[in-house]
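K.L.:
One-letter residues, chain by chain:
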Amino acid sequence: NAGVTQTPKFRILKIGQSMTLQCAQDMNHNYMYWYRQDPGMGLKLIYYSVGAGITDKGEVPNGYNVSRSTTEDFPLRLLSAAPSQTSVYFCASSYSRGSSGNTIYFGEGSWLTVV
Amino acid sequence: QQQVKQSPQSLIVQKGGISIINCAYENTAFDYFPWYQQFPGKGPALLIAIRPDVSEKKEGRFTISFNKSAKQFSLHIMDSQPGDSATYFCAASEGQGSARQLTFGSGTQLTVLP
Chain A
1 NAGVTQTPKF RILKIGQSMT LQCAQDMNHN YMYWYRQDPG MGLKLIYYSV GAGITDKGEV
61 PNGYNVSRST TEDFPLRLLS AAPSQTSVYF CASSYSRGSS GNTIYFGEGS WLTVV
Chain B
1001 QQQVKQSPQS LIVQKGGISI INCAYENTAF DYFPWYQQFP GKGPALLIAI RPDVSEKKEG
1061 RFTISFNKSA KQFSLHIMDS QPGDSATYFC AASEGQGSAR QLTFGSGTQL TVLP
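Residue numbers (the numbering used here), protein chains in the order written: chain A, 1 to 115; chain B, 1001 to 1114.
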C-alpha cells in the first residue's frame, strides 16, 4: 500500500496565483485532513472531510478550498496565493470509528513557497 | 482557543540518556493524547498514545506519563539512541469515533549525540 500520497513535493508560486495540492489515499479511510506546518508552530488543521461529498472547516481555512468527490482523493486549492501561505502542507487520513480511528496517517508533505 | 503547550523547544541528549518532553493542555474534554514523531522531510507518524483513564503507558523505550489533575502529560525516551533524533509533537483531541481534529503542540527537536 502507498498510504497517503501528496503531489507536488515542492512548488514555488507567485502572489495571486492559484494552485491545487493533490492528495490520495489507498487505505479506504473515510476521514481525510489537510494540515499546514509552520516553523515552531506545530500543525494547524485547514479542512477535513468525513466522507465523499462532506467537508468542513478546521482552524485556519481562510484562503483555501477543498472538495471530496471520491473516498480516495482530497485536493486542497489555494485560491490566490499570499506570502502567509508559505508553509509545509500535510494531507492525512484515518478510519472513521473505533480504536483504529485514533491513528491518523500523514503523507510526506508538500513544500510551498509564495514569492 | 484550545491549546497544547509543549516544552522544551529543543533538547540535546547523550546516547543512552533519558529524553523527557512535556506538554500541558487546557481543555478538560480532551480524551486522547498521542505523540507523533517526525523525521526531516517526512510526515509525522504516530509513536504512542494514551487515554486519560490510565496514568502511564509504555511501549518499548517510550513511555507516556499522564497527570489528569495537573492537565499535563509527558514523553520519556529511555536509553535514547541517535536514531531517535527527530521532532516530536504532542497532541490532544476529543470525541470518540469522530474525525480526529488533533490540536498539536509546537514540537520539540530532539538530538541524540553518539
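Hints are not guaranteed to be accurate.
Simulated restraints, written as ranges between beta carbons of each label pair [said to hold, decoys possible]:
id	chain 1	residue 1	chain 2	residue 2	range
1	A	D26	B	P1082	42 to 50 angstroms
2	A	N65	B	P1114	41 to 49 angstroms
3	B	E1056	A	N65	37 to 45 angstroms
4	B	E1094	A	M27	31 to 39 angstroms
5	A	K57	B	V1054	31 to 39 angstroms
6	B	G1016	A	S67	49 to 57 angstroms
7	A	S67	B	V1054	35 to 43 angstroms
8	B	V1054	A	A82	41 to 49 angstroms
9	B	P1040	A	I12	44 to 52 angstroms
10	A	W111	B	D1031	27 to 35 angstroms
11	A	D38	B	I1012	22 to 30 angstroms
12	A	S84	B	D1079	19 to 27 angstroms
Only pairs whose alpha carbons sit at most 35 angstroms apart, straight line, appear in this in silico DSBU-like list of lysine-lysine [what the hints assert, rightly or not]:
id	chain 1	residue 1	chain 2	residue 2
13	A	K14	B	K1015
14	A	K57	B	K1015
15	B	K1058	A	K44
16	B	K1042	A	K44
17	B	K1071	B	K1058
18	B	K1042	A	K14
19	A	K9	B	K1005
20	B	K1042	A	K57
21	A	K14	B	K1058
The hints are simulated quantities; they were obtained by calculation from the structure and are not laboratory data.
Bear in mind that the values here come from a model prediction, so they are computed numbers and not experimental data.
Positions of the beta carbon are idealized from the N, C-alpha and C atoms, including for glycine.
K.L.:
Compare the structure with each hint and give your call.
P.N.:
Each hint tested on the structure:
no., hint, verdict
1, D26(A) <-> P1082(B): 42 to 50 angstroms, "violated, 33 angstroms"
2, N65(A) <-> P1114(B): 41 to 49 angstroms, "holds, 47 angstroms"
3, E1056(B) <-> N65(A): 37 to 45 angstroms, "holds, 43 angstroms"
4, E1094(B) <-> M27(A): 31 to 39 angstroms, "violated, 24 angstroms"
5, K57(A) <-> V1054(B): 31 to 39 angstroms, "holds, 33 angstroms"
6, G1016(B) <-> S67(A): 49 to 57 angstroms, "holds, 50 angstroms"
7, S67(A) <-> V1054(B): 35 to 43 angstroms, "holds, 40 angstroms"
8, V1054(B) <-> A82(A): 41 to 49 angstroms, "holds, 44 angstroms"
9, P1040(B) <-> I12(A): 44 to 52 angstroms, "violated, 20 angstroms"
10, W111(A) <-> D1031(B): 27 to 35 angstroms, "holds, 33 angstroms"
11, D38(A) <-> I1012(B): 22 to 30 angstroms, "holds, 23 angstroms"
12, S84(A) <-> D1079(B): 19 to 27 angstroms, "violated, 42 angstroms"
13, K14(A) <-> K1015(B), "violated, 45 angstroms"
14, K57(A) <-> K1015(B), "violated, 43 angstroms"
15, K1058(B) <-> K44(A), "holds, 28 angstroms"
16, K1042(B) <-> K44(A), "holds, 17 angstroms"
17, K1071(B) <-> K1058(B), "holds, 19 angstroms"
18, K1042(B) <-> K14(A), "holds, 25 angstroms"
19, K9(A) <-> K1005(B), "holds, 30 angstroms"
20, K1042(B) <-> K57(A), "holds, 25 angstroms"
21, K14(A) <-> K1058(B), "violated, 48 angstroms"
Checked against the numbered hints above, the structure violates hints 1, 4, 9, 12, 13, 14 and 21; every other hint is satisfied.
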